[in-house]
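Chain by chain, the residues run as shown.
There are 2 protein chains.
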Amino acid sequence: MDLKEEKIESKEVFKGKILNLFVDTVKLPNGKTSTREVVRHCKASCILAKLPNGKFLLEKQFRYPYNEEIYEFPAGKCDLDEDPMKTAYRELEEETGYQANNIVYLGKMYPSCAYTDEIIYLYYADSLVKKEQHLDEGEALNVYEYSLEEIMNLIKLDKLNDAKSLCALQFYFAKIYKNN
Amino acid sequence: MDLKEEKIESKEVFKGKILNLFVDTVKLPNGKTSTREVVRHCKASCILAKLPNGKFLLEKQFRYPYNEEIYEFPAGKCDLDEDPMKTAYRELEEETGYQANNIVYLGKMYPSCAYTDEIIYLYYADSLVKKEQHLDEGEALNVYEYSLEEIMNLIKLDKLNDAKSLCALQFYFAKIYKNN
Chain Y
0 MDLKEEKIES KEVFKGKILN LFVDTVKLPN GKTSTREVVR HCKASCILAK LPNGKFLLEK
60 QFRYPYNEEI YEFPAGKCDL DEDPMKTAYR ELEEETGYQA NNIVYLGKMY PSCAYTDEII
120 YLYYADSLVK KEQHLDEGEA LNVYEYSLEE IMNLIKLDKL NDAKSLCALQ FYFAKIYKNN
Chain G
0 MDLKEEKIES KEVFKGKILN LFVDTVKLPN GKTSTREVVR HCKASCILAK LPNGKFLLEK
60 QFRYPYNEEI YEFPAGKCDL DEDPMKTAYR ELEEETGYQA NNIVYLGKMY PSCAYTDEII
120 YLYYADSLVK KEQHLDEGEA LNVYEYSLEE IMNLIKLDKL NDAKSLCALQ FYFAKIYKNN
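Sequence lines, in order, name chains Y and G. Residues in the first sequence are numbered consecutively from 0, following numbering that gives the first Met the number 0. Residues in the second sequence are numbered consecutively from 0, following numbering that gives the first Met the number 0.
Everything labelled a hint here was simulated from the structure, so no lab data went into it. Note that the coordinates shown come from a computational prediction; the quantities given were computed from them, not determined experimentally. Careful, some of the hints might be misleading.
It does not matter which identical chain is used: a pair holds within one copy or between any two.
As the list claims (entries may be wrong) - Cross-link-like lysine to aspartate or glutamate pairs, in silico, EDC-like; alpha carbons within 20 Å at most:
#1 K174 / E148
#2 K3 / E81
#3 K14 / D1
#4 K177 / E148
#5 K59 / E138
#6 K85 / D125
#7 K49 / E93
#8 K177 / E149
#9 K14 / E93
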């Protein structure tokens, strides 16, 4: 089945601080037209970071859309034209105070493919050295150390729900983790 | 550290077919005010469905925000007030033609917690029986059967990037999968 949709027209309906919103008119594979509501968002990076003690850095942040504090691995938006791996080094140190001497690319994920173009690049980091945490103005988060077993328990209890963190773990298991 | 942000004001800036966009003013934990751009979106369900031959149902769909055909497990938006498990049964049959006699809840995921309130409920299905596919008007997708090994290879090759699908797999490995 031919699947491709072609852009006929694009209209920006909102220009914001962290996202822009477009309503595009498209031609469907069946020849009819439809509209697509698309959030345009910058790239971001997320880091699964392993400490020398074997535990992983996990954060808790209040996330306004859910009115809830949630568990997440360290992450942040790429600055304009910033390489996502550089973002990974930078955000890990800013948010947790740990500098990584080794970061490996795991894969990329598409958060919600129907309406946003955001791509989050996922990394694994180790050889961490403690430096200084330096949060952005207004940024508030708590940092924890969890073993892999504790993280798997959070998943079993449906208490780790952040997509980028779950995806980073899935790539880690597919590409890096060795069971002893 | 106190993390909670309090809503001071909420302004709807766009009302669409599949999403609404709000710009809210919030009081931060440090007492200052800031704004939050929030996409409000309906709930959705995603299904990791295992066939009697041991393979899993995988789809390829053109996703306009990425201008790309991507791999995904069957999924769809919940109708108004529809129970997400009912959505899972309905969407699986509509998109793939398979009726499940057993669906198990895996967990829920938050696609991009900084700016959308969408929740995608993840399910595992088996005991599948072939019925009729009946796609929505304008919906175009191809359905494939992949072994778990083939799916893990897609991940290793960075070719399975859809967040809900990767998260469903991660919950499946944490809660259901037994390594013989």
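- [ ] State whether the alpha carbon distance between K174 and E148 is at most 20 Å within one copy, between copies, both, or neither.
- [x] Intra 18 Å, inter 13 Å, cutoff 20 Å: intra and inter.
Task: Alpha-carbon proximity between K177 and E149, which holds within one copy, between copies, both or neither at 20 Å - done: Classified as both: same-chain Cα gap 17 Å, cross-chain 19 Å, threshold 20 Å.
TODO: Using 20 Å as the alpha carbon limit, work out where K85 and D125 are close: within a copy, between copies, both or neither.
DONE: within (15 Å within a copy, 43 Å between copies)
Task: Within, between, both or neither, where K177 and E148 count as close if Cα-Cα is 20 Å or less - done: both (14 Å within a copy, 16 Å between copies)
TODO: Check K49 against E93 for me: Cα-Cα at most 20 Å, and say if that holds within a copy, between copies, both or neither.
DONE: Within one copy only: 16 Å inside a chain, 43 Å across chains, cut-off 20 Å.
Task: Intra- versus inter-copy proximity for E81 and K3 (alpha-carbon distance at most 20 Å) - done: The answer is neither: 30 Å in one copy and 30 Å across copies each exceed 20 Å.
Task: Homomeric proximity label, K14 with E93: Cα distance no greater than 20 Å - done: For K14 and E93, neither the intra-copy (28 Å) nor the inter-copy (36 Å) Cα distance is at most 20 Å.
Open item on the list: Within, between, both or neither: how does the pair K59, E138 come out at a Cα-Cα threshold of 20 Å?
Closed with: within (12 Å within a copy, 38 Å between copies)
- [ ] Could you figure out if K14 and D1 sit no more than 20 Å apart (CA to CA) within one copy, between two copies, both or neither?
- [x] Neither way: K14 and D1 sit 33 Å apart in one copy and 31 Å across, limit 20 Å.
The structure fails hints 2, 3 and 9 (numbered hints given earlier, in ascending order).
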